[in-house]
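*Asks:* Let's have the full structure, built from the sequences with the hints guiding it.
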Amino acid sequence: MFNLFKNPGIVLLTTISISIAVMFVDDLYIALMIFLIVLSTSLILDMRIAIALARYIIPMITIYTAIAWIIQFIVTGEIDLVIGFINLLRFSTIAAISLTMLNSIDIPNLIIFFNRLSPRLGIALALSIKMMKSFSKTWIDIHTVYKTNLNIDSYIDKIKLYIISVRVFVFIVMYVALQSIEALLTRCRIFKATRST
Numbered sequence: 661m662f663n664l665f666k667n668p669g670i671v672l673l674t675t676i677s678i679s680i681a682v683m684f685v686d687d688l689y690i691a692l693m694i695f696l697i698v699l700s701t702s703l704i705l706d707m708r709i710a711i712a713l714a715r716y717i718i719p720m721i722t723i724y725t726a727i728a729w730i731i732q733f734i735v736t737g738e739i740d741l742v743i744g745f746i747n748l749l750r751f752s753t754i755a756a757i758s759l760t761m762l763n764s765i766d767i768p769n770l771i772i773f774f775n776r777l778s779p780r781l782g783i784a785l786a787l788s789i790k791m792m793k794s795f796s797k798t799w800i801d802i803h804t805v806y807k808t809n810l811n812i813d814s815y816i817d818k819i820k821l822y823i824i825s826v827r828v829f830v831f832i833v834m835y836v837a838l839q840s841i842e843a844l845l846t847r848c849r850i851f852k853a854t855r856s857t
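Letter by letter, the sequence shown follows residues 661 to 857 of the working numbering.
Simulated from the structure, these hints should not be mistaken for lab results. Incorrect hints may appear among the rest.
[To be verified] Beta-carbon label-pair distances, calculated as ranges:
1. 816 <-> 731: 11 to 21 angstroms
2. 681 <-> 823: 29 to 39 angstroms
3. 728 <-> 816: 30 to 40 angstroms
4. 823 <-> 745: 13 to 23 angstroms
5. 776 <-> 727: 36 to 46 angstroms
6. 776 <-> 742: 44 to 54 angstroms
7. 808 <-> 693: 30 to 40 angstroms
8. 679 <-> 817: 29 to 39 angstroms
9. 711 <-> 776: 31 to 41 angstroms
10. 745 <-> 772: 17 to 27 angstroms
11. 737 <-> 837: 35 to 45 angstroms
[Claimed, not checked] Computed cross-link-like contacts, SDA-like style, restricted to lysine to any residue with a CA-CA straight-line distance of at most 20 angstroms:
12. 820 <-> 718
13. 807 <-> 718
14. 797 <-> 694
Beta carbons are placed, not taken as given, at the ideal position from N, Cα and C, and that holds for glycine.
*Replies:* Put into structure tokens, the structure is as follows:
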């Protein structure tokens with residue numbers, strides 16, 4: 661794949677800056693325009709990113725947006741569709757940016773970059789990247805297994821599929837996160853003991 665940036669610092673700065681800017685967008689048409697630009701860039705760089713967005717991330721964000729609308733209606737008796745769509749576009753845009761940058765960045769250089777700032781940051785980053793990659797594969801595996809085992813005949817069945825997949829995914833993520841934190845603490849203790857001797 662084409663490397664968008666060779667300098668990991670530039671990649672991180674670009675990702676964070678665009679994500680922060682997107683969160684302050686409160687106009688539906690501007691939010692839609694930014695999302696389409698980011699999505700087009702993702703399509704140019706790697707078709708798999710756009711496919712992942714369309715199949716997994718955007719439907720999941722859409723379900724949570726719908727749940728937010730239902731809660732809003734129960735509490736206030738009204739539904740603000742515009743704000744809901746803006747938030748949907750915001751999070752979809754940030755997801756697209758993050759996936760694009762993650763696939764464009766040179767991971768070894770990124771770890772070296774953080775390792776120069778702090779060895780502990782380097783260790784934490786390496787574990788974080790490993791977690792992100794394993795989480796994306798885990799989500800695809802979970803979704804595929806439940807889609808195969810469940811009879812998907814209607815839109816309601818699709819919603820049930822995503823809800824079940826999300827629940828299982830959250831439990832697995834919590835388990836893996838605890839394991840990774842334990843590994844991080846162990847490595848940091850080893851690093852600290854090595855430096856003190």
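*Asks:* For every hint, state whether the structure bears it out.
*Replies:* Against the structure, the hints:
A beta carbon spacing of about 19 angstroms between residue 816 and residue 731 agrees with the range 11 to 21 angstroms that was offered as a hint. Look at residue 681 against residue 823: about 32 angstroms separates their beta carbons, and that is inside 29 to 39 angstroms. Checked against the hint of 30 to 40 angstroms, the pair residue 728 and residue 816 fails, with Cβ atoms roughly 19 angstroms apart. In this structure the hint that residue 823 and residue 745 lie 13 to 23 angstroms apart at CB holds, the actual value being about 21 angstroms.
Checked against the hint of 36 to 46 angstroms, the C-beta distance between residue 776 and residue 727 comes to roughly 43 angstroms, which is consistent with it. Taken as a hint, the range 44 to 54 angstroms holds for the pair residue 776 and residue 742, whose Cβ atoms sit roughly 45 angstroms apart. Between residue 808 and residue 693 the CB atoms are about 38 angstroms apart, so this pair conforms to the stated range of 30 to 40 angstroms. The hinted range of 29 to 39 angstroms is satisfied by residue 679 and residue 817, whose Cβ atoms lie roughly 34 angstroms apart.
Separated by about 35 angstroms at the C-beta atoms, residue 711 and residue 776 satisfy the suggested range of 31 to 41 angstroms. Our hint of 17 to 27 angstroms for residue 745 and residue 772 is violated, since their Cβ atoms are close to 41 angstroms apart. Remark: the range hint 35 to 45 angstroms for residue 737 to residue 837 is upheld by a beta-carbon distance near 38 angstroms. Among the hinted pairs, residue 820 with residue 718 is consistent with the structure: their alpha-carbon atoms are about 16 angstroms apart, no more than 20 angstroms.
Proximity of residue 807 to residue 718 is assessed by CA-CA distance (about 17 angstroms); at most 20 angstroms being required, the pair is judged to hold. Distance restraint check for residue 797 and residue 694: the Cα-Cα separation of roughly 28 angstroms exceeds the 20 angstroms cut-off, and the hinted pair is therefore not satisfied.
Of the numbered hints listed earlier, those contradicted by the structure are 3, 10 and 14.
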